[in-house]
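Chain Z is already provided as a structure; the job is to place chains A and G on it using the hints.
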Amino acid sequence: MSPTNIFDPASTPADSIFGLSIFVLLNVAAVFIVVFALLAYVVVRFRSKRNDDQKEPAQIYGSTQVELAWTVIPVLIVLALFLAAARVIASVQNPPRPPGALEVIVTGHQYWWEYRYPSLNIVTANELHVPLSDPAHPTPTFLSLFSADTNHSFWVPRLAGKTDLIPNHPNQMWIDPHEPGLFLGQCAQYCGTQHAKMLLRVYVQPRDEFDKWVREQQQRSPAGTLSAGQRIFESTACVNCHTVSGTPAKGHFGPDLTHLMSRATIAAGAAPNTSQMLRLWIKNPDAIKPGSKMPAMGLNDQDLDAVTAYLETLR
Amino acid sequence: MLSSVIGSIGTAINIIATILCMRCPGMTLGKMPLLVWLNLVMAGLVILAVSPLSAAQIMLLIDRYLGGHFFDTQAGGSAVIWMHFFWIFGHPEVYVLVLPAFAFASEIIPVFSRKAIFGYPVMVLATIAIGFIGMSVWAHHMFTVGMSAGANTFFVLSTMAIAVPTGIKIFNWVATMWGGKLRFEAPMLFCVAFLFQFLVAGLTGVTLAVAPLDWQLGNSYYVVAHFHYVIVGGILFTIFAAFYYWFPKAIGKRYNEALARLHFWLFFIGFHLTFDFMHVPGLLGMPRRIYTYEPGRGWDIWNLLVTVGVVFQAAGILIFAGNLIWSYLRGKAAGNDPWDAWTLEWSTSSPPPVYNYAAIPVVRSRRPLWDLKHPEDPDWRYE
Amino acid sequence: MSANTFAISELPASRPFTLRLHEWVTTVDHKRLGVLYILFALVFLIVGGIEATIMRLQLVRPHNDLVSPEVFNRMFTMHGTTMIFFVAMPLVFGFANYLVPLMIGARDMAFPRLNAFSFWMSALGGLFLYFSFLGGNGLYGAGSTPDAGWFAYAPLTAKTFSVVASSEY
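Residue numbers (the working numbering), protein chains in the order written: chain Z, 66 to 380; chain A, 129 to 511; chain G, -10 to 158.
Chain Z with its partners taken away, still in its complex shape (with noise of 0.2 Å):
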């Protein structure tokens, strides 16, 4: 079972749109049974025969009635879907938005996404963490949508339609995630060379659970003595594009790295937030990621091993 099915909803959008799709389907493919079936018979109960008589068949011009017949069921089938298209833009174009639901600030950045929580002081990237919602009391999470750059697209199929984020054209799409779990998805608009490798990670937690990542992500870094990755972070470029809260680290150009390690992937799931892979991320980025815009920091061994090190302290 594909995690990425359309036909497998698990959020309030993509079920309206789930719904919408088996009604159009079944309208669609009636119309393909029965167009189907007027070409097949023609094909075989018309073919010349070998002992034709070499007369001409009987010239039809046309026919009225039959030219009406045809214009008029396909207004009404037309019509029909029109309608019920409508409904399901105005549900999800124009949602209620309760006291509980939550917003989320993503920015789209070749080729990662940036995620803050404003009214939770949270920033963070790469992988969403949203509340599970219960229907009878919901807590929809709604995500306003921004770029940096150029343009992208929000795509988790099984919890809602794709929304592009449009650099000076904010927009608005919103979740309402009534099963636990990972879902995936990946940047569904091309924006350049590793467009490919921008996938989307969204956690819905249940209650509980979701208040526990909350605590963790507003935690500050500890303060104390600077360890020799941390020395070496903070004097090399590295402050230049990476925020780590408490520290100087305060650039804005690549992912808050403040809690790095509450994270499964790297690199908008690149790889995985192994030793390993984050020590080849700093030391030559374009064997994971070519063409992504972290540069290869030009560290000698030892230093790649401090850092990395530090790095994986930042809970």
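Mixed in with the good hints, there may be bad ones.
Below, a list of computed lysine-lysine pairs in the BS3-like style, where the Cα atoms sit at most 27 Å apart [as the list claims (entries may be wrong)]:
| hint | chain 1 | residue 1 | chain 2 | residue 2 |
| --- | --- | --- | --- | --- |
| 1 | A | K501 | Z | K114 |
| 2 | Z | K277 | A | K381 |
| 3 | A | K309 | Z | K348 |
| 4 | Z | K315 | Z | K358 |
| 5 | A | K460 | Z | K114 |
| 6 | Z | K277 | A | K309 |
| 7 | A | K381 | A | K501 |
| 8 | A | K309 | A | K381 |
| 9 | Z | K277 | Z | K315 |
| 10 | A | K460 | A | K309 |
| 11 | Z | K315 | Z | K348 |
These are computed hints drawn from the structure, not numbers from a lab.
Fair warning: this is a prediction, and the values are worked out from it, not measured in the lab.
For chains A and G alone, kept in the frame of chain Z given last:
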């Protein structure tokens, strides 16, 4: 790109002027072959649609080299405006490509069914309707861009509306075949496949016209499958039909029928292997324009099947090219009218002389050669 | 209406190749221009087909490494642009050119020289776009062909994000 755009507009102007001003005596607009009608509307669409594209390209050049900010979002420009300009061109462009495909089907199907086209006036009206409505549907390529519910709803309606005249055309072609005596040489094989494939392509288009479905399926391999179904399964198949139908006229020699049928079956199998199965990864969440993809999403087997189809299509095209070359060098003489057809081009020699007709013909109906061949029952009695 | 049964060329049957080539290059006859459009399109059909085949071979299995992402992105951009502008449109114009005057009983198009000019402008456009394969990284890196998709969405095609000259082609 700007260079070839100038070429397109020049040709369109030429086509319109020729059709409006140079028809032979007796050929009123209502007596032109459908191919001529379809090319007239196509040329009109070229002129209307290509200008926005050129404008956008020039604005992009200004942005890139003269400090403009039309589309430069970092300086307040709009990415969405580029999309509007592009798709105001892009959608009518596909009608520019498909109307000639309809033209070929409208000429070939009657001849190989031995019947006049069913519903000529309706076919003309449907063509004009497609031309008009086709200018109003462009933003169905932008359903995920964040337009208002009202705007999205309008474009659903206009896109659905165009399905009606298009469907009417399919029904008229089938009705032409109904009660006829069908001959299945290569041109007709390709046209019958076109009917079946264009039906499917149109229906997947209807599913995409439903904006909420497009929110899931837009920019995925379902869309890629849909438009290749139209362009390859619809347009390219009728182009092959047209090649085989008019090759004897243009070259004066018959093509090899056995090779043509081999071409048809190889290409048909390859087309379906590739483009039928291509819908599935889209339904399973695979976006387009990705150079690689993750395992474990259920996409692997479908991508493999899609790639296998390429082999058959390539083989078909090679046979086609071989057939053209072989027939050009060694084909048997074709004569003026190898298909027993009814439009004017079959009255002159194969290939036609440089001046086409020694004396300009005078016509009295839509099928001048039918009138000549059937003086006891001419078309002009019924039109 | 008389039947035209003669089509012999007025010129001697065997002419030097250069003379024939000159006839074709300078022709304003709608039939010859139609054939030129169609031959042009067939050549680009093969090229576009090769671009498609490269893409399909890359996608035959996940995490394949037949071509780099840069080359793949150039492939899908060129495949789309080629097939629409240098295959489908020339085929459409080629058939229209050939058939429309014949089917309305005319001797040629209304503006034969404009017709020839239009063909050569289209051909120039194709050559110019494919010239881009020779720029940038050179042939195996697919040069500096455009890589922003055939719809060339801004702002990806703006100078900030597409520094190489590819979008101009």
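Enumerated hints in conflict with the structure, sorted upward: Of the numbered hints given earlier, those the structure breaks are 2, 3 and 6, listed in rising order.
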